[in-house]
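Asker: So the sequence lines, in the order shown, correspond to chains G and V. Under our numbering, the first sequence has 161 at position 161, and the numbering climbs by one with no breaks. Under our numbering, the second sequence has 64 at position 64, and the numbering climbs by one with no breaks.
Just so you know, the hints here were simulated from the structure itself, not pulled from any lab data. There may be inaccurate statements among the hints.
A pair counts as met if it fits within one copy or between any two copies, since identical chains are not told apart.
[As the list claims (entries may be wrong)] Straight-line Cα separation of at most 20 angstroms, EDC-like style, residue types lysine to aspartate or glutamate; simulated pairs:
1. LYS148 to GLU56
2. LYS135 to GLU154
3. LYS131 to ASP232
4. LYS135 to GLU231
5. LYS148 to ASP36
6. LYS41 to ASP209
7. LYS158 to ASP52
8. LYS224 to ASP70
9. LYS243 to ASP52
10. LYS224 to GLU55
11. LYS95 to ASP52
Protein chains: 2
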Amino acid sequence: MAQGTDPYILYYWPTIQGRGEFVRLALEEAGVPYQDVARLKSGMPQLEAALDFDEEALAAFAPPVLRAGDLLIGQTTNILQFLGARHGLAPRSEKGRLWCNQLQLTIADIVAEAHDTHHPISVGSYYEDQKKEAKARARDFRATRIPKFLGYFENVLKHNGARGSFAVGSRLTYVDLSLFQLVEGLRYAFPNTMTALEPQWPHLVALADAVRERPNIAAYLQSKRRIAFNEDGIFRRYPELDK
Amino acid sequence: MAQGTDPYILYYWPTIQGRGEFVRLALEEAGVPYQDVARLKSGMPQLEAALDFDEEALAAFAPPVLRAGDLLIGQTTNILQFLGARHGLAPRSEKGRLWCNQLQLTIADIVAEAHDTHHPISVGSYYEDQKKEAKARARDFRATRIPKFLGYFENVLKHNGARGSFAVGSRLTYVDLSLFQLVEGLRYAFPNTMTALEPQWPHLVALADAVRERPNIAAYLQSKRRIAFNEDGIFRRYPELDK
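So that you can see chain G by itself, here it is in the shape it has in the complex (with noise of 0.2 angstroms):
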């Protein structure tokens, strides 16, 4: 980790938001120096040996990774975890940290399909080749899935009892940050489903608003570190699947 000059070193394609996403928003906001070594010149052989086995002997099956000192840390979740606890992104009780655990992972569902929608049948494949199938995919995602999702999430957020209005306790976590994406990512592939239904979840609205004006969600957000959100990540604008 971060002890003396190392930086943590961020393996994550370098092109997309992505997974990357939600671990570039914790590092942002704790402050902590990193590297997106893949956006560096000559970086992808570094992305490239963090999923080999040859050269690493905890090698993870895919990116995100980052490294920290002696540690190779692969999945997002788990990632996030390592860096709420170090940095002030999580509860200190046992209680607030499984809490906490629980509710990204269930992030991390409804961002396996929002994926999903625009692949439904093949990661391998292209859209095009499946386009019949994520218009029904999306459809669905759509109708039922961001309802559900969305709707649970706004009632963790409501049925928080503590002062601040966030998800778990009375501080910020990674949770904030990764809801804030969510929601951000939704509205950017689903613009006419979002604008439509997010009167339902004022409580997460406001919770996104909160998150974007951080000063240093806030700094980071217009600098150029952002990547802009594309046809190649999770979270893709093809409007055929939003109407």
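Based on the hints, put chain V in the right spot on chain G.
Answerer: Leaving out everything else, chain V in the frame of chain G:
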């Protein structure tokens, strides 16, 4: 948690293995008492209460949920992380625990994909209404995803330098139990595919055999507590999806 005389309470669907089975296997291997509450007469309302914010401040999005004293814990990997730390089913070092959680999350990813082979369009609709798409998704799952994931886990086992042939370190962890369940589930759902491919993964097959023979697991598998695989669970045997 199981302090004094309070047994754990597991909330999960009473007629399937599903994701709850990964938790059941950990509880059985640990030899700790638990109530599989929805399988009791009039237990279903208790399961429903664990998903209801009016009754629970930390209501879960979906089962499985584990009650451990004051704690109510949702999401399979979250429950396993908790049980692993409490019952010697995970390493003590931070590095070992992170690696266990990372592997378990990767198992969760292929389990979700296995589910989507029979429900590629909508979890809320019948298999029969998405059979054509299921065939296409299953074809891709068999040809590219099973080899990629199981080849990865084979590599994990092969590159673990410690004695004992386990996934992590030199002692059994919940990851080993879950790899056993994954192999068993895939064998049930895709017998032709697995028969053809298994010789590629000798370490994984040997691990599954070793887990099956552990005294507590062997006793569990022969008991009535082990629900048989069936076509309401995650791993379903539809012959048309295996050819």
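Asker: Hints first: check each against the structure and report whether it holds.
Answerer: Verification of the supplied hints:
For the homomeric pair LYS148 and GLU56, the shortest alpha-carbon distance between copies (18 angstroms) is at most 20 angstroms, but the shortest distance inside one copy (40 angstroms) is not. For a Cα distance limit of 20 angstroms, the shortest separation of LYS135 from GLU154 qualifies neither inside one copy, at 27 angstroms, nor across copies, at 36 angstroms. Taking the shortest Cα distances, LYS131 and ASP232 sit within 20 angstroms of each other inside one copy (15 angstroms), while across copies they are farther apart (28 angstroms). Taking CA atoms no more than 20 angstroms apart as the test, LYS135 paired with GLU231 passes inside one copy only; the shortest distance there is 16 angstroms, against 27 angstroms between copies.
For a Cα distance limit of 20 angstroms, the shortest separation of LYS148 from ASP36 qualifies neither inside one copy, at 34 angstroms, nor across copies, at 26 angstroms. Taking CA atoms no more than 20 angstroms apart as the test, LYS41 paired with ASP209 passes in neither setting, with 35 angstroms inside one copy and 47 angstroms between copies. With identical chains, the CA atoms of LYS158 and ASP52 are at most 20 angstroms apart between copies only, with a shortest distance of 13 angstroms across copies and 44 angstroms within one. In this assembly of identical chains, LYS224 and ASP70 lie within 20 angstroms of each other by CA distance neither inside one copy nor across copies; the values are 29 angstroms within and 46 angstroms between.
Proximity of LYS243 to ASP52 under the C-alpha cut-off of 20 angstroms is found in neither arrangement, the shortest distances being 42 angstroms within a copy and 32 angstroms between copies. When the C-alpha separation of LYS224 and GLU55 is checked against a cutoff of 20 angstroms, the pair qualifies neither within a copy, at 31 angstroms, nor between copies, at 46 angstroms. Taking the closest pair of Cα atoms, LYS95 and ASP52 come within 20 angstroms of each other only across two copies (18 angstroms); inside a single copy the shortest separation is 36 angstroms, beyond that limit.
When the structure is compared with the earlier hints, violations turn up for hints 2, 5, 6, 8, 9 and 10 and for no others.
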